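K.L.:
Listed below are the residues making up each chain.
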Amino acid sequence: MAESAGHATCSRTVSILGTRVMRVEDPKFLTTGGVYVDDLRDPRLDGAGHVTYVRSVMAHARVTVDVAAASGVPGVLAVVTAADFADLPPPPPPLGFIPPALARPWLANGVVRYVGEPIAAIVTESRYAGEDVAELVSVDYEPLTAVVDPRDAAGDATLLFADHGSNTALAFEAGSLDGLFDDCEVVVTQQITNQRVAPVPLEVRGTACVWEGSGDDARLTFWASTQSPHGARDQIAAALELPPERVHFIAPDVGGGFGAKFGVSIEDLVLAVLSRRLGRPMRWTETRTENMLGMGHGRAQLQTVTIGGTRDGRITAYSLDVLQDSGAYPHFGAVLPFMTQLMATGTYDIARVAVRTKSVVTNTAPVVAYRGAGRPEATAAIERAVDLFAAEIGLDPAEVRRRNLFAKDAFRLTTQVGAAYDSGDYAGALDAVLAAAKYDELRAEQRRRRDSGDPMLLGIGVSNYVEITAGPEAGTEFARINVKPDGSVIVYTGTSPHGQGHATSFAMLAADELGVPLDRITVLHGDTDLVARGGGTGGSRSLQLGGAAVHQGALETVDRARELAGDLFEAAAGDIVLDKARGGFHVAGSPDDVRGWAEVATSADADAGLIVDTDFSATGATFPFGAHVAVVEVDAETGYVRLVSMTTVDDAGPVINPVVVEGQRHGGIAQGVAQALFEEVRYDEDGNPQSTNLTDYAFPSAAELPDFTLVDMATPSPLNPLGVKGIGEAGTIGATPAVQNAVVDAVAHLGVRHIEMPTTPERVWRAIQEASK
Amino acid sequence: MNVTLTVNGVSHTVDVEDRTLLVHLLRDHLGLTATNIGCDTTSCGACTVLLDGESVKSCTVLAASVDGQSVTTLEGLADGERWHRVQEGFRAKHGLQCGFCTPGMVMAAVSLLAENPSPTAAQVREGLEGNLCRCTGYHNIVAAVLEAAEGSVAR
Ligand code: FES
Ligand code: FES
Numbered sequence: 001m002a003e004s005a006g007h008a009t010c011s012r013t014v015s016i017l018g019t020r021v022m023r024v025e026d027p028k029f030l031t032t033g034g035v036y037v038d039d040l041r042d043p044r045l046d047g048a049g050h051v052t053y054v055r056s057v058m059a060h061a062r063v064t065v066d067v068a069a070a071s072g073v074p075g076v077l078a079v080v081t082a083a084d085f086a087d088l089p090p091p092p093p094p095l096g097f098i099p100p101a102l103a104r105p106w107l108a109n110g111v112v113r114y115v116g117e118p119i120a121a122i123v124t125e126s127r128y129a130g131e132d133v134a135e136l137v138s139v140d141y142e143p144l145t146a147v148v149d150p151r152d153a154a155g156d157a158t159l160l161f162a163d164h165g166s167n168t169a170l171a172f173e174a175g176s177l178d179g180l181f182d183d184c185e186v187v188v189t190q191q192i193t194n195q196r197v198a199p200v201p202l203e204v205r206g207t208a209c210v211w212e213g214s215g216d217d218a219r220l221t222f223w224a225s226t227q228s229p230h231g232a233r234d235q236i237a238a239a240l241e242l243p244p245e246r247v248h249f250i251a252p253d254v255g256g257g258f259g260a261k262f263g264v265s266i267e268d269l270v271l272a273v274l275s276r277r278l279g280r281p282m283r284w285t286e287t288r289t290e291n292m293l294g295m296g297h298g299r300a301q302l303q304t305v306t307i308g309g310t311r312d313g314r315i316t317a318y319s320l321d322v323l324q325d326s327g328a329y330p331h332f333g334a335v336l337p338f339m340t341q342l343m344a345t346g347t348y349d350i351a352r353v354a355v356r357t358k359s360v361v362t363n364t365a366p367v368v369a370y371r372g373a374g375r376p377e378a379t380a381a382i383e384r385a386v387d388l389f390a391a392e393i394g395l396d397p398a399e400v401r402r403r404n405l406f407a408k409d410a411f412r413l414t415t416q417v418g419a420a421y422d423s424g425d426y427a428g429a430l431d432a433v434l435a436a437a438k439y440d441e442l443r444a445e446q447r448r449r450r451d452s453g454d455p456m457l458l459g460i461g462v463s464n465y466v467e468i469t470a471g472p473e474a475g476t477e478f479a480r481i482n483v484k485p486d487g488s489v490i491v492y493t494g495t496s497p498h499g500q501g502h503a504t505s506f507a508m509l510a511a512d513e514l515g516v517p518l519d520r521i522t523v524l525h526g527d528t529d530l531v532a533r534g535g536g537t538g539g540s541r542s543l544q545l546g547g548a549a550v551h552q553g554a555l556e557t558v559d560r561a562r563e564l565a566g567d568l569f570e571a572a573a574g575d576i577v578l579d580k581a582r583g584g585f586h587v588a589g590s591p592d593d594v595r596g597w598a599e600v601a602t603s604a605d606a607d608a609g610l611i612v613d614t615d616f617s618a619t620g621a622t623f624p625f626g627a628h629v630a631v632v633e634v635d636a637e638t639g640y641v642r643l644v645s646m647t648t649v650d651d652a653g654p655v656i657n658p659v660v661v662e663g664q665r666h667g668g669i670a671q672g673v674a675q676a677l678f679e680e681v682r683y684d685e686d687g688n689p690q691s692t693n694l695t696d697y698a699f700p701s702a703a704e705l706p707d708f709t710l711v712d713m714a715t716p717s718p719l720n721p722l723g724v725k726g727i728g729e730a731g732t733i734g735a736t737p738a739v740q741n742a743v744v745d746a747v748a749h750l751g752v753r754h755i756e757m758p759t760t761p762e763r764v765w766r767a768i769q770e771a772s773k
Numbered sequence: 774m775n776v777t778l779t780v781n782g783v784s785h786t787v788d789v790e791d792r793t794l795l796v797h798l799l800r801d802h803l804g805l806t807a808t809n810i811g812c813d814t815t816s817c818g819a820c821t822v823l824l825d826g827e828s829v830k831s832c833t834v835l836a837a838s839v840d841g842q843s844v845t846t847l848e849g850l851a852d853g854e855r856w857h858r859v860q861e862g863f864r865a866k867h868g869l870q871c872g873f874c875t876p877g878m879v880m881a882a883v884s885l886l887a888e889n890p891s892p893t894a895a896q897v898r899e900g901l902e903g904n905l906c907r908c909t910g911y912h913n914i915v916a917a918v919l920e921a922a923e924g925s926v927a928r
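As you go down the protein sequences, you meet chains A and B in turn. Counted from 1, the first sequence has number 664 at position 664 by our numbering; the numbering is strictly sequential. Counted from 1, the second sequence has number 923 at position 150 by our numbering; the numbering is strictly sequential.
These are computed hints drawn from the structure, not numbers from a lab. Computed from a prediction, not measured in an experiment: that's the story for all the values here. Even for Gly, the Cβ is constructed at its ideal location relative to N, Cα and C. Hints may contain errors.
[Unchecked claim] Okay, the calculated beta carbon distance ranges per label pair:
{"hint": "1", "chain 1": "B", "residue 1": "Gly804", "chain 2": "A", "residue 2": "Asp607", "range": "51 to 57 Å"}
{"hint": "2", "chain 1": "B", "residue 1": "Met774", "chain 2": "A", "residue 2": "Ser166", "range": "58 to 64 Å"}
{"hint": "3", "chain 1": "B", "residue 1": "Asp788", "chain 2": "A", "residue 2": "Arg44", "range": "25 to 31 Å"}
{"hint": "4", "chain 1": "B", "residue 1": "Asp791", "chain 2": "A", "residue 2": "Ala238", "range": "53 to 59 Å"}
[Said to hold, decoys possible] Incomplete in silico selection of chain A near chain B, CB under 7 Å:
{"hint": "5", "residue": "Arg288"}
{"hint": "6", "residue": "Leu694"}
{"hint": "7", "residue": "Phe708"}
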């Protein structure tokens, strides 16, 4: 690899890395606004048909559909049902190991399995006619037993997919349950609901597509709001049984994804077929209600934790049982328990661990990836368990944590459940966050309020977390560096940002190695014709893989440029030095004669300039970690909880751009807090969703949240040259258990041991009443 | 029906269906796509614009009802090349990530500062209650508005 050569032969300048560079993306967003799918005014989309879906209003039923009345309406171009897709097999499931018998059909095929499942698609000339016509599609429902509770699903009394023979989609396990707790002085067990929540990106799903050319040359251009353009392209190609090169996928600006926009969904895929059949471009933008019903939800685990150890605070055994609600058609949700299992022991050195998981299908919306995807659930379980253990033995929860953390000198290490942690300083994170939050003073204030009978109780919650990013397999990512003949640079990346600021951070990485100023560097992404390959943005993979690829590509570009400059100077490449401050090359010892990037790039190719393609491959996933302290006030009389403060250490290694990283932490913390305090997607026992829009769903506004206090810490990873780990999901993972622990802590002296999330006033009030009985 | 209104200083007469909402008039008839739609229950504020100087959620305003009135969207906020101080504040404090809430959030902040030129952080949080953001956790949005407010004091 070129790394050492590149470093050794450059004159030093002050690095831009780690400095507060304001985002290059922002001027557009702040003046004309982003261009999201629904904003596209590409002339190829003129005359597009507008698609509206008719969705199931029942959770589980046999359906017969009559579209005759709708089809005849003027302005209706087509009304299609499952019958119109009989010639195409169902699109392959989003993950290879989901049993094919559980694949979802293009449109509901005789049976509906959740409220919101698409039954028919209507194509209209006018954008707003679809909703009127939808009412003319007559759907006859013959109700079947709705399986809503995953415990019922696991019993298999009613099967959602008779051909599969069971409601269990997948199961994972690790460790032995035999004698697990035999030598423990103390054993505590608790059932915990990690409730279903909605990702709610502020931009809903949207799609536009057009076919150009004819016959075997016909090519599809497809725009959708996604996190993973290349994956989406491959998904579309597979569903249409086409080679991938016949699909040109473009992710325009994307208004948030949070895991739920990885790939494309069935509603997107249907457009490609309709467009081909009708010979017209197609557009679809869902409503928020459709988004809440149909994009998919996150979390949705029923857990049982059992934790055991000694009276003096040593944890020696832990078991976690997970029943994952996958929703009606297994998606990423069915696989979440694998990640939960891998991260089950968190930051703790526990001798014996056993995990059992099962993912079942239910008559609810599919469960998808949501910020953290499997890791927040693991962290919530063990962090609640540690607090329960601490309460049982009467020790301070921070102290119990300190006694059980993996030691700083233990890395690299492999946990009992097989996770290969790369680097960490868990006690350092805990000490730093406790000091910053003034933990001892908080405890004193808590005692003061309790002793004085103040009804406004103080709760202090602590969490330690470790998570896995760019995993579980070792990842790879592509970058191209193109130095143009005018000396400007275009960086192409296979990641696909949607708010994460790659255009700024990746330009900084390139600028740092090339000695080209930031304003001469453009980062391009999201277009499969421009970028050869890529894994998109998800699982907090982008900087450590995509950023590392840009860094590696820049170093290789410098090496190649030194060869080219050597030819210009008629000197050996080894004697050529890059002067980053001046943005040019000279022969060692003769700094006066400098050839700039423009000249060197032109010597490579007068039109295209210098182009270097590279793929960075990591040798393993990385494990960011941190510690959070949440402080809440709980009104003992009403159960009302107010979040007072969040203080967090989120260590993802060296920071390239603090502005961007702080933003990721803030957003993550807010979503973690929201799960603990506010948000829940609920279904009634018949499978009717109770939270179908933003009035029923408790998405917090600025008024419900405080400022966040961030503490810096940077422990490098040995697994990539930048030493970086992922930061996108960390805040979410740490915040939820810290806040939940804080709420329980506020009322612990009243005898309360556990309160389920979200810790609504009603739940808190009831817990207090129960405990005082 | 015909609606005549001034948008970002330019007068337009638009032929719309009776049920057309202001946000659709802006986006679909005038091509001003900065103003976004994030919900169907008047909850998110992504569609916030100024109507005769006051912030409204344009998804709940019938186009017909604004005949003769004046609308400002994000596209019309800057004075030529010179940004409004709220735009400057959002940039300086990284008050946006995906940018989807941003046009509405910025317009709501402009209206908030017009009513209360030097708000406290708590007043900013209360004042922006009707504008949701999923990306930023609001921390930097609050900082951005305070930055813009301080700017106004300094001037
Ligand atoms: S679009 Fe959500 S309030 Fe108008
Ligand atoms: S920046 Fe994405 S919703 Fe606010």
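K.L.:
For every hint, state whether the structure bears it out.
P.N.:
Status of each hint after checking the structure:
no., hint, result
1, Gly804/B <-> Asp607/A: 51 to 57 Å, "violated (35 Å)"
2, Met774/B <-> Ser166/A: 58 to 64 Å, "holds (59 Å)"
3, Asp788/B <-> Arg44/A: 25 to 31 Å, "holds (26 Å)"
4, Asp791/B <-> Ala238/A: 53 to 59 Å, "violated (45 Å)"
5, Arg288, "holds (4 Å)"
6, Leu694, "holds (4 Å)"
7, Phe708, "holds (5 Å)"
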